[in-house]
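Construct the complete structure from the given sequences, taking the supplied hints into account.
Each chain, letter by letter, is given below.
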Amino acid sequence: MAGFKKKESREMPELSTSSLPDLIFTILFFFMMVTTMREVTLKVKFTTPQGTELVKLEHKSDVSFIYVGPPTDNLRGQFGTGTRIQLNDRYADTREIMDFVAQEREGMMDQSKQIISLKADKETQMGVITDIKEILRKSYALKLNYSATQRN
Amino acid sequence: MAKKKKKMPGLNTSSTADISFMLLIFFLVTTSMDSDKGLLRQLPPPPENQDQTVQINERNIFTISIASSGKMVICGDYSNPVETSPAELKQLREQVKEFIKGNPHPHSTERPDVEILDVNGKPTVCYTKHVISLQADRGTPYEKYFDVQNEIVAAYNEVREAKSKEMGNYKPFAELDEERQAPIKAIYPQKISEAEPINYAEKFAQ
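Protein chains in written order, with numbering that gives the first Met the number 0: chain A, 0 to 151; chain B, 0 to 205.
Straight-line alpha carbon distances no greater than 25 Å define the calculated SDA-like cross-link-like pairs of lysine to any residue that follow:
(1) Lys-132(A) with Arg-89(A)
(2) Lys-184(B) with Thr-51(A)
(3) Lys-6(B) with Thr-16(A)
(4) Lys-89(B) with Val-158(B)
(5) Lys-96(B) with Tyr-169(B)
(6) Lys-55(A) with Ala-185(B)
(7) Lys-142(A) with Ser-192(B)
(8) Lys-162(B) with Arg-40(B)
(9) Lys-55(A) with Gln-110(A)
(10) Lys-142(A) with Glu-157(B)
(11) Lys-59(A) with Thr-46(A)
(12) Lys-137(A) with Gly-138(B)
(13) Lys-121(A) with Thr-71(A)
(14) Lys-36(B) with Met-97(A)
(15) Lys-36(B) with Pro-188(B)
(16) Lys-142(A) with Arg-94(A)
(17) Lys-112(A) with Asp-176(B)
(18) Lys-44(A) with Lys-55(A)
(19) Lys-6(B) with Glu-13(A)
(20) Lys-89(B) with Gln-49(A)
(21) Lys-112(A) with Lys-190(B)
The set of hints was computed from the structure by calculation and includes no laboratory data.
Below is the structure:
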């Protein structure tokens, strides 16, 4: 039975997607490396001042944040518009900063490298900032970073 | 006919992509990429006893006081407060630079005290006794204070940068290794005193 083989239909071969998961995983790992988890939900609103002589915060694990500013819009009804200090997830008093610093220091690998990053609203009155600074001095957290954005 | 060899069916992996996409999106949402930047300052340790005031000679101290109105008083010249506008800040930077380099500050005729230090095997005159004192009223906006701080740090950086070039370093000062930074830091030590706030209202009233 001689005959011609039926010619295969000429279709585009399907694109192999087997490497797609690997690709996506690579992107995923990249993002996991370069980003940091958002640690707290912000309860204060702040716009940091602008500066030119800024340095980058290198080791995120050595940094503790203190947020200073007026309550966010949805909390304004409850807490008013006065300047508040936020430590972790709640509003705090200046006196609580000492405990906060000690607590943060406990979980650190190298306790001498502790840096406090002060994220304060630019409209804040210096009285509040100075009080915080005095407490930080007393708690021997002497590396202070005034958080800011780069200005050209 | 020969029976086909029974093959293990391959695991369907077509949904792996979707799963990893989901993870990717989750991470994109929950993390933040913002690189934190700021002005790094070293605070002085707390005073040992309550009334620890060091008397500093007037020629060694450059005081900048910021009132709650945002005006600056440079070196105790209360009759002539200046605005914290970009132009005035630039002028302040120049004044601070001159002072760091050992020239008398605007309200003094004497140079700050010197110290002879051994830098790279050569005795060098260093104005290490100078202090820049920054004071702010309790009502001063943080932004004004920050601007002035930024300007002082900029003055130090510029002076150090110039010295670094003079010593024959090609790279910018910030990128040098510590060994090369050390002599420059010894010549121009950063001495910024952030004193406690004082109520300036009455001084302005005079």
